[in-house]
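Novice: Sequence lines, in order, name chains A, B, C and D.
First residue of the first sequence? That's 353 in the numbering used here, and the numbers climb one at a time after it.
First residue of the second sequence? That's 808 in the numbering used here, and the numbers climb one at a time after it.
First residue of the third sequence? That's 68 in the numbering used here, and the numbers climb one at a time after it.
First residue of the fourth sequence? That's 36 in the numbering used here, and the numbers climb one at a time after it.
By construction, these hints were calculated from the structure, which means they are not laboratory data.
Honestly, I wouldn't trust all of these hints.
[What the hints assert, rightly or not] Pairs of lysine-lysine residues, derived as DSS-like cross-links and limited to a Cα-Cα distance of at most 27 Å, are as follows: (1) D/Lys134 - B/Lys1161; (2) D/Lys620 - D/Lys134; (3) A/Lys562 - B/Lys956.
Chain by chain, the residues run as shown.
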Amino acid sequence: MTIFLLTGIMISTYAMLVCQRVPALIQNFRLQSLFLFLVTLDFAFRQKEAGIFVVAGLLLLVKVVLIPSFLNNLVKKIRVDERLGLFLNPLLSLIAALFLTWGASVFCSWFLGTSPIAVFAAFVVSITVVLVGFFIMVFRMKALTQIVGLLVMENGIFLLASAITGGMPFFVEIAIAFDVFVCAIITGIFMYRINKVFTHIEVHRLTDLKG
Amino acid sequence: MLLFWVVIIPVLAVALSAVLPARSRGAANLAAHGAVFVLAAALACRITSGTGVVVFGGVLRADALSAFFVLLISLVNLAALAYSRPYLREDIRAGALSPGQARGYDILFNVFAATMLVVPLLDNLGHMWVAVELTTLASAFLVGFYNTKASVEAAWKYVIICSVGITLALLGTVLVYYAVAAQTAVKTLDWSVIMSRASGLNPRLLSVAFLFILVGYGTKAGLAPMHTWLPDAHSQALTPVSALLSGVLLKTSLYAIIRFAMITNKAMGADFTSRLFIFFGLFSVAVAGIFLLAQKDFKRLLAYSSIEHVGIIVFALGVGTPLAVFGSMFHALNHAVTKSLVFFAAGNAVKKYKTHHLHMIHGLIQALPFTAAAALVGLLSLVGMPPFGIFMSKLMILSACFQKGLYAPAALLLFFLAVVFGALMFHLSASIFGNKPKGIEFGKEAWSMKLVFVSLILLLVLLGVMMPTPLQALLVSASRLIAGEGL
Amino acid sequence: MKASLLLLQAGFAVLGAPLVSGFIRKVKNALRMRRGAPLGQPYYNIVKCMAKEEVVSEATSWIFRWTPSIVLGSTLAALMFVPVFSFSLSAPGMGDVLTLFFLFSLGRFFLALAGLDAGSAFGGMGSSREMFIASFVEPVAILSVAVVAGHSASPQGGLMACSMGMSFSGMVAAAALFMVVLAETSRIPVDNQETHLELTMIHEAMLLEYSGPSLAMLETAAHTKQLIWFSLLGAILWPWPVGSSAALSDIAAAAAFFVLKIILCAVIVGLTEVSLAKMRLFRVADFLGLAFLFSVLALVISGLGY
Amino acid sequence: MFFLSQNSRWCFDPLALFFLGVIALVSLPSFLFSAGYLRAQFSRGRSLLATGLTVFFVLSMAVVVASANLILFLFAWEFMSLVSYFLVVFEHEHEASVKAGMIYLVMTHVGTAFLLAAFLLLHAQAGTWDFEGIRAAAPAFTPALKNILFGLFLAGFGMKAGIVPLHIWLPYAHPQAPASVSSIMSGAMIKVAIYGLLRFIAGMLGVPPVWWGHVILVAAGISCLVGVIYALMEHDIKKLLAYHSVENIGIILLGIGAGMVFWSWGWGVLAAAAFAAGLYHTVNHAVFKGLLFLCSGSIQVATGTRDIEKLGGLIKRMPQTAASFLVGAMAISALPPLSGFVSEWLIFQVFFAGLRDASSGGKLFFAGMMACLALTSALAAACFVKAFGVAFLAMSRSRAAAEAREASLSMRSAMIFLAALTVALGLGAGLVWKMFCAVAASFLEPPASAWSGLFSGSWDLIRFPGTDACLRTPMIMLALGAGIAAVYLFVRLTARKRVMTAGRTWDCGYYRLDHRTEYTATAFSKPFRIAFSFFLLPYRKTEKIRDSFYHVKEFTYETATTPIFKRYLYDPMVRGFFKLAQYVKGFQMGSIHWYLAYIFVTILILVVIFGRP
């Protein structure tokens, strides 16, 4: 069952790399968070702990509902053009993603050589998601992509935590989720400010602080 | 009980500053932070004389190391607050700042101070991670306070780069958590628990986890190649805030690195971490030295000098002998005091000359004699001239390095420090001395600002000439925690 | 007894010095097949000047008026350190040849200042060139005398005792010293005594402003200095009258032999003056460089034991 | 463990007392001088500040000399450099003094970095910060360690003393400080560096290998010549004196270097004599250099300028300053019977002893050194004839020089005190030499019996042990006085009707001379510029502005020498650093994408290096 959900996450991650418009990116992020919610639910049923259910519910609320809608109406308010501004065209991005996945699997083989396939797969997927998050932040022009990249990395680490260790201590999870939410809100506010001051949100044109 | 109040008072201060009118808000803030400083000192005395550990409700825990950092943070908070009162009053009178913005500043300042105070006291590594993330978010608004192009850009870069760094740190924390869970079947992130079981952990997994921690929290601490956000953020922020950023915020993330280093050292011996620390320390001092030579902006110059001093502290941690760790803690204190003094002086100068550029700022000693004197004292202390503290801590670190036989790193460090000395003297002696430009007329600072300068200078000279015994006891017990017996 | 002998020796030297210059001029004129001025011409000049009135420029200061006495006084003091008749009579432990050289440089220092004092271009040019030449002379002189004294390894008074016996390194050092003597006593290859042409005169340029008794004093000083240099050169070349006893007979023999040595030196100097032409000022540096090489050569030879 | 409270050890052995005496000798008269000098130049408040800083400066030097603990030494040493920096930058209105101050502090700090490395090495090997402990542990040091320590000490103290390749800051820093301060800096601060050399290299590292002495001698020889040649070309009087400090430090080190060589050859008595000669010249230089700087200060107060090309004829307006400057000039040019002559005579005796007794290779080396010292003292005499002649004699070249007034009483008394001291040090040579032999013997510590032969003279006689040549300066003074008196009386008696009439300087008979035809300093030093052109690389530009082909309206002549060390050694190094900085600055180009890429690459490399199984 988990393998099926893990492939779901991988698909949504690769989709994020390919999309060229802002709403598409947010939609893919919402899809990825949904799959992540399902994986967490699956773990919760297997380990029968109340805490994980609450964490899954919180994840659903924060990452599937609140943050994407906040980002969407923010984008509508800024009325900036929808193109993402790619440094690497989608094809090259995909090739890079494959390379990142290979890297993640080599990294995981160093540590989890002997463990069962499910845990190994989860480890590889989570590291790949983190690397793709990093990739999006580095190779896209818009400010929004950097926020989404950050959130994708959070998702990756959340998956890593719940996959290989069965979830972090309860309060820590709650604190992290709350913190991610606050981080998204504040970066959103700054993106709004950039648009007000610079009338665009192309981050690669923000280069007057040099040397 | 002490710990509870140390954390709660700043939160109360946040609430108060949201409510009180301008006049009484200043006094309330000063009282709050003064109280926090006194409590921190009491905590330190309790720990050095008493049991060595103070715990509150399973969440807060303070040993010698965290007590020292709390003391350091509360000291610089107090100084920054005392300075920001007259600094903002001038801005308000000049119309650059509306009273509403001043209230916003006070709220944000207190939130920032609260989050920083809580970091050293949290026992759980996950909570510590959240607290460090909150410090970034709280200070982001302070960096981007003036709504100009440069400050918004600096704030954006600050938030994004630090969040990426901290996410990597979270990855490292999760790996540590996994190592603990896999080895000892105890699913906990409490530092004290992990520390007691640290010897059995899988060394290779821990080393990779420490790499993520070092790069993650290192981004926040301003270690080179991850330091790129630091000059932008510190030069665009408000002066008291950049003093806080340089003086203390870098050291809170250093505190996190030290916590993880203690676990790794216990698990697999100190050699792995010391090689990394020495490399990153020397690389930071080198990068800072070279960049200092090519600087044209007063505050960026001081930002790069912070990178250099963080490099020295990390280098000293790398040397690892009890004397070196004592020297690095002492250096952290000296640097915090010196850097806030120089930033305050720089703030006055930049406001007086209405420019950041060093070419336009000359003859400061004729325009603002008192600020120029403070800037000169700060500068000479930064480069390690005798009567001030940094000369002593630099001496300790270098002699520890020589005693351990690390001649090449010590020689490299001496060379880079000479480059830094040349760069700083080259830029600042031209701006402090000389004739002032015609447009600038002779100015006087508010007496409260003068009080802040004088107290910081006295503290510096005190630390340079003799070491107060309670502070020595605190530092000795902190270094015993990290590097074991021997001092 | 010794002090009186010393004073006698000094008096004899000062009186005899102008005669040596006259004799050299006589030798040169003889070589040029001319009769030339009488032998006592320098005495006539001095007596003439003593009687004349002295004109002093108002631009000058007390240095100008006191330099003649200082120069002549220092030269007389220098007489103490030179073994005129015999070694026993030299100054009882007051100093050695080094002190002699430095006394000369004291005289030269004040003469150069006096040259500058009058404020005319001639004086300035003379002082500048005099100090230029002096700075190249001093290393050669000191080194050659050191080589000679070092070779003789006589325990008595270090640099004071000139060599006890003839030695090849002494000869080479004497050659170097001879070139120094030419430079110091302003002879032809370095400086021309007889002319007042501003391009060639060095020592004369400094005396240009003087007249009357001051000029007489400076002339006497020049003659005495020349005699001292000749006696030093003679002591190194023919160091024979070794007798250090103060018996009258020894001193008389030494005195006679001393006069012979001075005449020999005068003839050699006369010969070189006639056969050489005056060098350009900056060639003098190479000339004295050659002298320096000779003294280093002497050192190497004395190092090898000859 | 590290702080001054636990580390203040003091030692007052003969070497320390000697240097304390030197510091006192220079600073007391300059305090007296500064009373008048500062009030004439600055406002009340600033002169108080200057005096306060000078007091701190002298105190820190005294602490450096008297300390017996590495940390105290380092603390006082840096404090001395810091306070002297403030004094150099005192008149910070002039851009030049800020630049000079910066160069001075940076170079001093680099020197101190060498010292710091050496002290930490000593502490690591000997385990203690105290001098006794280190001296006890010194025999156990390996030769390689001793050589490293020697290199570090030579670099560190050489930078402060101004040995040639490291002397760049001296001609910048000394002239910018107020005159009373630059007399202390030249007189005492440089000697503290010599004290450091003696205390650590000679005092602590035990019997040195031969090549140490040779290295010091070669460096000293070069310093002598370079210092005096550059001084000849200078016509700013304080820069000229600063270059002479470089030269005299060279002469002092000649004595010390020869002492080190003899010590390594085992000739204990001669080594002590050589060290004593070096110490003697240290005192002499301190006194007459202090005097000369004070005179330059009084000139600056009277005429407002330091350029001797604009002075002239000051001897008529400022007789006492001129007289004391003359005494200082005579002493530095080693003219009998003054102090400079005695110490150079002693150093000549040292070289003569070396020349006579050394092996053939040693003979040549000492002959070279002797020739170098002789050339240096002759060039120094030429330089001071130029300085005194152009500044004080003949007609004044500017209105400021024409209307100069004599310095105030306090300034004059300080100058006359130092002049008298110079003469006393010359005449009382025997007594003073006895003291310095004792000081030299104290820190060489060979068996006491060897010292009986060291001093065998009486109060007025110096008998040099090696060559037992002797020198009686009072007798020389007597002979000189007698000679001059005899001549004066003789002329006074014979030319009874001696008539002195004032006339005009000889002007070839056709127009009245004024100051424009006088010989200037540049003209005076022209032969030397041509003779040493291989080293000075002189630059010359002449320009004729003509009315017509035949009528030249105006002729401009400009000449300058190229500062070799600055242009070919220091400037390229500094420019290289700034070029590197400009290049590296490109890495912070402002784009956030690159910054994130830096972080990603760092973590990637680290994981690949350390993560592999």
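Novice: Run every hint past the structure and note whether it holds.
Specialist: So, going through the hints one by one against the coordinates:
For the suggested pair D/Lys134 and B/Lys1161, the alpha carbons sit about 25 Å apart, so the restraint of at most 27 Å is met. Of the pairs offered as hints, the one joining D/Lys620 and D/Lys134 holds, with about 25 Å between alpha carbons and a cut-off of 27 Å not exceeded. Distance check on the hinted pair: A/Lys562 and B/Lys956 sit about 14 Å apart at the alpha-carbon level, within 27 Å; holds.
The structure is consistent with each of the numbered hints, conforming to all of them.
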